[in-house]
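The numbering of the sequence shown is our numbering, which starts it at 45 and goes up by one.
Among the hints, a few may not be true.
As the list claims (entries may be wrong) - Below, a list of computed lysine-lysine pairs in the DSBU-like style, where the Cα atoms sit at most 30 angstroms apart:
| id | residue 1 | residue 2 |
| --- | --- | --- |
| 1 | K153 | K84 |
| 2 | K131 | K84 |
| 3 | K58 | K84 |
| 4 | K153 | K131 |
| 5 | K153 | K126 |
| 6 | K84 | K68 |
| 7 | K68 | K58 |
| 8 | K153 | K68 |
| 9 | K68 | K81 |
What the hints contain is simulated information worked out from the structure, not anything from laboratory work.
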Amino acid sequence: MPSELPPVDQWQPKLSGDIDMVIKADGTWLHEGGEIKRSKLVRLFSTILRREENEYFLVTPVEKWRLQVEDQPFTVVLIEAKNHDDKTVIRMITNTGDEFPLDSHHVLKQDQHEAPKVHVRANMYARLNRNAFYTLAGMATEREGQFYVTSNGIEFNIG
45 MPSELPPVDQ
55 WQPKLSGDID
65 MVIKADGTWL
75 HEGGEIKRSK
85 LVRLFSTILR
95 REENEYFLVT
105 PVEKWRLQVE
115 DQPFTVVLIE
125 AKNHDDKTVI
135 RMITNTGDEF
145 PLDSHHVLKQ
155 DQHEAPKVHV
165 RANMYARLNR
175 NAFYTLAGMA
185 TEREGQFYVT
195 SNGIEFNIG
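Generate the whole structure from the sequences, applying the supplied hints.
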């Protein structure tokens with residue numbers, strides 16, 4: 045993830061309207077029904093994405109377009125574990141190129157009947173895809189019928 049994202053939270057343009065864009069539950073971005081296949085374009089759009097209550101917008105200093113998000117706007121596609129200063133650090137990588145450690149700023153949440161999701165930025169989350177979830181499950185330890193992973197010294201319940 046780039047160190048500096050555009051300050052979309054500071055931009056307050058009026059609503060320009062709805063754009064025919066959908067982020068599918070599997071992380072695929074569609075525009076006018078067709079898949080956006082250029083990963084750099086998806087990455088660019090993801091950097092100007094903002095959530096307000098339960099709606100998502102692409103925001104610039106002068107425009108604000110509402111788009112549809114089926115589940116979460118990001119999808120974790122890869123998980124890596126590395127040892128750092130005698131602690132295991134679990135690193136998440138999303139379909140849009142965001143990279144971050146599982147820690148107190150990027151908390152894992154387990155919904156009762158859904159795959160886990162992790163906080164990415166602002167009030168937006170990423171759902172773990174199947175491969176990422178199985179990778180995470182392989183790192184888990186079982187205690188009293190529940191499974192946990194530890195990253196940066198913080199324990200997260202994964203179910």
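For each hint, the structure was consulted:
1. K153 <-> K84: Roughly 28 angstroms between the alpha carbons, so the hint for K153 and K84 holds.
2. K131 <-> K84: violated (33 angstroms)
3. K58 <-> K84: holds (27 angstroms)
4. K153 <-> K131: holds (21 angstroms)
5. K153 <-> K126: holds (21 angstroms)
6. K84 <-> K68: holds (18 angstroms)
7. K68 <-> K58: Judged against 30 angstroms, a Cα distance of about 26 angstroms means the pair holds.
8. K153 <-> K68: Given pair K153, K68 holds - Cα atoms ~20 angstroms apart, limit 30 angstroms.
9. K68 <-> K81: It holds: about 13 angstroms lies between the C-alpha atoms, which stays within 30 angstroms.
In terms of the numbered hints stated before, the structure departs from hint 2 and from no other.
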